[in-house]
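Novice: Protein chains in written order, with my numbering: chain A, 168 to 278; chain B, 6 to 122.
Hint data in this document are derived by calculation from the structure and do not stem from the laboratory. Fair warning: this is a prediction, and the values are worked out from it, not measured in the lab. Certain hints may be false.
Below, a list of computed lysine-lysine pairs in the DSS-like style, where the Cα atoms sit at most 25 Å apart [said to hold, decoys possible]: (1) A/Lys237 / A/Lys176; (2) B/Lys8 / A/Lys224; (3) A/Lys237 / B/Lys109; (4) A/Lys238 / B/Lys109; (5) A/Lys224 / B/Lys109; (6) A/Lys176 / A/Lys238; (7) B/Lys109 / B/Lys78; (8) B/Lys109 / A/Lys176.
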Amino acid sequence: NAGVTQTPKFRVLKTGQSMTLLCAQDMNHEYMYWYRQDPGMGLRLIHYSVGEGTTAKGEVPDGYNVSRLKKQNFLLGLESAAPSQTSVYFCASNYYGDGYTFGSGTRLTVV
Amino acid sequence: AQKITQTQPGMFVQEKEAVTLDCTYDTSDPSYGLFWYKQPSSGEMIFLIYQGSYDQQNATEGRYSLNFQKARKSANLVISASQLGDSAMYFCAMREGIGGATNKLIFGTGTLLAVQP
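Okay, chain B solo, but in the shape it has when bound (with noise of 0.2 Å):
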């Protein structure tokens, strides 16, 4: 069965600086897709990077990037040149299949990052 890990509850990080969120991920399927998502203390879920499982290269939007180990199962969401507006809690997530059947999207239990100024 799928499952992803968010081994870190909590993050602090100095404005300006840069920061990597940690996730691993667990699935037998050789077709997947990786996703971190924000969530500010509003409440609404904030689409941040995709990373499909064939995909050669690293993916980046902006400030973040994803550190995709694909044998060590780690899909690690790298922050740049953090700003206060960063503060939330983030989640990773996985969806088995490219396209499957389902769709299902399975998620971590998430970091809580602070930006400190």
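One chain only, chain A, in its complex shape (with noise of 0.2 Å):
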């Protein structure tokens, strides 16, 4: 099926561990988001990329990095895991103009 997909869904990490978090779109999609969400912030966007090979910073891109080395994969990176970070991850995905497709999430819990 077409979509965004997130993997991992789940995952523990230990303090100061690193990992990343990959999003693939097959809907040929130029734009691609990283959102966490947190009880009673909503989602903020982290990072971004507006085409291949782009990243930007969103609201609160501060322990993360990204990449997008292809056009329909964008990784987030946590070099250095905090408890802090403990989040659910979203990536979305959309075309010029168009509306936006969400994956459905994964839940990182830092301990």
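Using the hints, build the complex out of the two chains.
Specialist: Now the structure itself:
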């Protein structure tokens, strides 16, 4: 099925560990986004990309890095996880001016 | 900078009644789009309705309608004939610039709706 696929769906990390979240879309969308969702705060934009090879910071970029080496993939990296990064992470993509397609989310717990 | 405000953290509504979820926004861009999403307890983001800043009529999608008052910068979601399955978190979101350079979507903090039988 066409859409946005996020892996993994769940993960528990120890403080200081690193990990990469993968977002893959098969709709040839130019734009891709990473959000985090925390209780009472809605979805906040971490980083986004307006095309292959480009990335930009959103509202809450600290502690995260991203890469978009291929158009269909947008990777979110945590180099040294902290408990404050415990959250649900959503990836989204869209084409110029169209609606957005969201992934099903990744629930990350940092202990 | 663009901002979305949802002032109702939680709402109750009786089944079959209508409910209005409030959303106000702030932007200096004359061209923007407003979205509403539903997030049930299962966690996925479900698109409900869209309103463009230049649209002359309020958007409607089935039981959902968007009460767009441009001068007041409000974009309230109206759900008619509430159903138990409408119980969920609802997010208002805005994109500055129609098909703009970044297409960033900025969200409000959400309203948790509970439909009571």
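Novice: Of the numbered hints stated previously, which ones are contradicted by the structure, given in increasing order?
Specialist: none
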